[in-house]
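*Asks:* Protein sequence lines correspond, in order, to chains A and B. Numbers 11 to 444, taken from this note's numbering, label the letters of the first sequence in order. Numbers 11 to 444, taken from this note's numbering, label the letters of the second sequence in order.
Hints may contain errors.
To be verified - Here are the simulated BS3-like cross-link-like pairs (lysine-lysine), alpha carbons at most 25 Å apart as the crow flies:
hint, chain 1, residue 1, chain 2, residue 2
1, B, Lys364, B, Lys381
2, A, Lys103, B, Lys164
3, B, Lys200, A, Lys83
Said to hold, decoys possible - Some residues of chain B that are not near chain A, with every Cβ distance over 12 Å (derived):
hint, residue
4, Lys131
5, Glu132
6, Phe302
7, Lys381
Stated by the list, open to error - Some chain A residues well away from chain B (every beta-carbon gap over 10 Å; in silico):
hint, residue
8, Asp115
9, Pro220
10, Asp363
11, Asn406
Source of the hints: derived by calculation from the structure; they are not laboratory data. Small disclaimer: the values here were computed from a predicted structure and weren't measured. Ideal Cβ positions, reconstructed from N, Cα and C, are used throughout, including at glycine.
2 protein chains.
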Amino acid sequence: MNSQDSTTNFPRVVIIGGGFGGIQLSKKLRDKEVQVLMLDRHNYHTFQPLLYQVATGGLEADSIAFPLRKIFKGQSNFLFRNAEVQSIIPERKVISTSIGEISYDYLVVATGSDTNFFGSKELEHYTMPMKTIPESLNLRSMILQNLEESLIEKDPIRKSALLNFVITGGGPTGVELAGSIAELKRHVLKKDYPELDMNEMNIYLVEGSPVLLGPMSKQSQEHARKFLEELGVIVLTDTRVSSYDGDKIVLSNNQEIATKNVLWSAGVKGEVPEGIPMDRIVRGGRIKVDHFNRIDGYDDIFAIGDVAAMSTEDYPNGHPGVAPAAMQQGQHLANNLIKIINKEEPEPFKYKDKGSMATIGRNRAVVDVGKIRFQGVFAWFVWMFVHLMSLVGFRNRLVVLVNWIWSYFSYDRGTRLIIRPFNRESMTEDTANK
Amino acid sequence: MNSQDSTTNFPRVVIIGGGFGGIQLSKKLRDKEVQVLMLDRHNYHTFQPLLYQVATGGLEADSIAFPLRKIFKGQSNFLFRNAEVQSIIPERKVISTSIGEISYDYLVVATGSDTNFFGSKELEHYTMPMKTIPESLNLRSMILQNLEESLIEKDPIRKSALLNFVITGGGPTGVELAGSIAELKRHVLKKDYPELDMNEMNIYLVEGSPVLLGPMSKQSQEHARKFLEELGVIVLTDTRVSSYDGDKIVLSNNQEIATKNVLWSAGVKGEVPEGIPMDRIVRGGRIKVDHFNRIDGYDDIFAIGDVAAMSTEDYPNGHPGVAPAAMQQGQHLANNLIKIINKEEPEPFKYKDKGSMATIGRNRAVVDVGKIRFQGVFAWFVWMFVHLMSLVGFRNRLVVLVNWIWSYFSYDRGTRLIIRPFNRESMTEDTANK
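Just need the whole structure built from these sequences, with the hints factored in.
*Replies:* In structure tokens form, the structure reads like this:
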């Protein structure tokens, strides 16, 4: 590693992943007596909460991504390497990567989560996940390609399959995607495809449990459902996917829907690197950590964010897989690492719940903050403000704001482009999931 | 074709290509008694003059592209099909396409131009062209990937090959690309890669003729060269590429440069569909047309823009391959088509030269308008204004303006992201050239 040229005698903290947790951790270690080495397979940070707007043509991909090197510009104890981690070898205190072996004094796993197909190869092959920017661009291309194809399809069942959308999972991602596609249909597609009868396009949201937005208040859950139904989404709760062969989805209520568009947002699992013993993996594929984010059995390997499960009284299965939890753990771990290096006692992590929110469409959002709940127009503005302020980079905020204002007044989406046509058959592991 | 459902008894004008010419032609045919059917392999119009800013991280791809369907929203005699044309069959008045056969009454070839490697398979395989959005995104990814790789490369020759850039062709594209990469090096890379010695990065611009910007005034040619040299670009005129094997380029002056980054902007050729007789193809692979843009030997097949060569007194080899020429031909042909349909005499095309310009970098541009020539800051503002106003769509103008203002004050580029890693070996015909 060249990076060692610029190494001082400071201990090296290697951070795998430039998500919300990894970034906060690295920032907090600025000016501290450590060398920080961050690895990520992308050279940018992804603002995942807005991926659904990239997928549905509302935002350009570049405005929700930010170059990792730029975040740490001028931070002299920080190094970045664009690399893929292959495995952790704790015995030798090294990780094996696509650019060679890298040694660590302290290792932090901040790899986040990936789509969970619950072991189904069929679902993994035929449905569309949306956890990365390339995936959301594939989704955008597929939606638009299927609409184009529906124009020249004569067979009524195949045509209907091209026009039907099934979104699985009633969490924030599923709800936001379903709402966004419903608005696309209502305001944009009608004008873009005057030849199509928009009544032939159906949007289904399928959720296994009895409610949408599980962890939110009853009030917000009911409003979300109402908002979606106002937009014409067919909401099917208490319903699961039984099978899907790429043309027809079968649901647990025996309903069959011809569809080429199944968007999979029904589950996530921790993205655990090889080398972490299997017995440390708990529910949701997360790594069990103690109250200091330390992985059981190691005193120099930590995990934060979505990939970590810290069992506490309030959160026996770990904290929610949301950005604020990852950010707080990153900041907290930075302080603890310095304490550990200085042989002081680390402090246990305490999660401050900042509330949760989801947007369904124009003027339609739901917000829970502690005991305060509100829905509708004001909630929608709050949602936009919070997301805008959470974006990294002034340019990104400006570009997203311009797009939102423009869309608000024009009822339009700016970026419905098939930049790279999606072709399921030519997808490789490399292009599909990264 | 479903499209025939909405057909009236109007004659059908089929337009191949949604570039500057095709768009103007279709717009001018609005409210006329014809059915317009446009085909394009992309669902968007590309503003090619700004591709180099996408390639060098200054603009998001989506801001220089515009959905074709949206341009013609509400134009009731217009249909769009996202399809690839395979061949023209004039005997039967049909074209064969990826979505089946389509019949025409009048056919307009507005396919533009593609990169000309002058028959060299080696150059086609190893150098990077930049005529489409996917190509400019590949170029962006390649530049950034090679920089990342140079950080971990120990062999000095291989490292130097990763850092050296050779741009071929001293036309506007080559000049703008070279200037843009030089500014990237000067203002951005120095901060992003503090580990790299920026003196190791060399940028060469290689041009076969004795001057840059061939068709422009001597004054502008000399200023362009001076501006580039001020930015540190090594300008080699009277120099051609002898060979390139992917690692080392050999020039006609016997100079050898180790480089993995060869950007090919040394030539274009008309993109002629199959079925046009070979004897109609002239210099630059363009189709010979008469003064009414009619292809010799046909009274119902026309060609406009880059792909057409109309020999006139002032332009014996055809008009310059620039947007204004294509736009003027498109508008003119619309009027002539109506005349022809009404059995009136068509009028010969007359090109109005609006001048030419090129930008080298911040505050550095050259402009020729008739006898008026100016260079420097004012020229740069004129260049920006003209390009901004030529972009299709208010949202695009706004987003580009925001990016330009932000870059002006921050000396930064917003979008240096490797969204889809470039991998030469896995490139197929499909992903590489479209």
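*Asks:* Look at each hint and say if it fits the structure.
*Replies:* For each hint, the structure was consulted:
{"no.": "1", "hint": "B:Lys364 <-> B:Lys381", "result": "holds, 11 Å"}
{"no.": "2", "hint": "A:Lys103 <-> B:Lys164", "result": "holds, 24 Å"}
{"no.": "3", "hint": "B:Lys200 <-> A:Lys83", "result": "holds, 10 Å"}
{"no.": "4", "hint": "Lys131", "result": "holds, 23 Å"}
{"no.": "5", "hint": "Glu132", "result": "holds, 26 Å"}
{"no.": "6", "hint": "Phe302", "result": "holds, 32 Å"}
{"no.": "7", "hint": "Lys381", "result": "holds, 40 Å"}
{"no.": "8", "hint": "Asp115", "result": "holds, 20 Å"}
{"no.": "9", "hint": "Pro220", "result": "holds, 39 Å"}
{"no.": "10", "hint": "Asp363", "result": "holds, 32 Å"}
{"no.": "11", "hint": "Asn406", "result": "violated, 7 Å"}
Checked against the numbered hints given earlier, the structure breaks only hint 11 and satisfies all the rest.
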